[in-house]
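Q: In case you want the letters, here they are:
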Amino acid sequence: AQKVTQAQTEISVVEKEDVTLDCVYETRDTTYYLFWYKQPPSGELVFLIRRNSFDEQNEISGRYSWNFQKSTSSFNFTITASQVVDSAVYFCALSEAEYSGSRLTFGEGTQLTVNP
Amino acid sequence: DTAVSQTPKYLVTQMGNDKSIKCEQNLGHDTMYWYKQDSKKFLKIMFSYNNKELIINETVPNRFSPKSPDKAHLNLHINSLELGDSAVYFCASSSEGRAAFFGQGTRLTVV
Chain A
1 AQKVTQAQTE
11 ISVVEKEDVT
21 LDCVYETRDT
31 TYYLFWYKQP
41 PSGELVFLIR
51 RNSFDEQNEI
61 SGRYSWNFQK
71 STSSFNFTIT
81 ASQVVDSAVY
91 FCALSEAEYS
101 GSRLTFGEGT
111 QLTVNP
Chain B
117 DTAVSQTPKY
127 LVTQMGNDKS
137 IKCEQNLGHD
147 TMYWYKQDSK
157 KFLKIMFSYN
167 NKELIINETV
177 PNRFSPKSPD
187 KAHLNLHINS
197 LELGDSAVYF
207 CASSSEGRAA
217 FFGQGTRLTV
227 V
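Sequence lines, in order, name chains A and B.
Residues in the first sequence are numbered from 1 upward in steps of one, following my numbering.
Residues in the second sequence are numbered from 117 upward in steps of one, following my numbering.
Keep in mind that the hints were calculated from the coordinates and are not lab data.
Zero decoy hints are in this set.
Listing some non-contacts, in silico: residues in chain B with all C-beta distances to chain A over 12 Å: (1) Thr123; (2) Val128; (3) Met131; (4) Asn133; (5) Ser136; (6) Lys138; (7) Glu140; (8) Pro177; (9) Arg179; (10) Ser181; (11) Lys183; (12) Pro185; (13) Asp186; (14) Ser202; (15) Val227.
Straight-line C-alpha distance at most 20 Å; calculated DMTMM-like pairs for lysine to aspartate or glutamate: (16) Lys156/B to Glu108/A; (17) Lys125/B to Glu44/A; (18) Lys160/B to Glu108/A; (19) Lys157/B to Glu44/A; (20) Lys38/A to Asp154/B; (21) Lys187/B to Asp146/B; (22) Lys38/A to Glu17/A; (23) Lys160/B to Glu174/B; (24) Lys157/B to Glu108/A; (25) Lys157/B to Glu10/A; (26) Lys38/A to Asp86/A; (27) Lys125/B to Asp201/B; (28) Lys157/B to Asp22/A; (29) Lys38/A to Glu10/A; (30) Lys3/A to Glu174/B.
In this text the structure is predicted, and so the values were computed from the model without any measurement.
Built from N, CA and C at the ideal position, the CB exists for glycine as well.
All chains, please: the whole structure from these sequences, using the hints.
A: See below:
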């Protein structure tokens, strides 16, 4: 069975600090996908990134970066120079191999608060 | 244009009532989902449809019945609402295991 663990329930930082959100996953599949979603206070779920299990290259998008390490089953998310607008709940999610009907298994989420 | 839209955004109703939530996607995706987010923010899949065919049916009370009239629509009907059904329900769509895009959510409050 798939499982995603986000051990950090809440993180509070001051603006401009860097912050890393941890994500550890479990799966028996050899092919799988990992995702991060952002849920701001307004409530919608915003897609941030998708990574497949064969691509361990780190990715950077502006102030966001992701570190995927298969050896430790982790897919961590770093926000550099955090801003107040980054305050949200962040979810890591795992999906089975690419076939129709694939479900997302979500972690419990990490509430990030960025204080001015 | 909104990619995945669900209505209504808020739904307050009394116990025992029957209600429906509608979802439409204009992304051309072949798979649609319903997820439930509880009061602790935990997200869990309820149903998945692919090309109008039910693919995933998690352990959900049979008071919940999804219906997909076509690939672009997936509605959720809930009979005999209970207090414990209060949650945020998200519709989502994806194509061949790619990223799922979510609607804005429907906050259901049963009183």
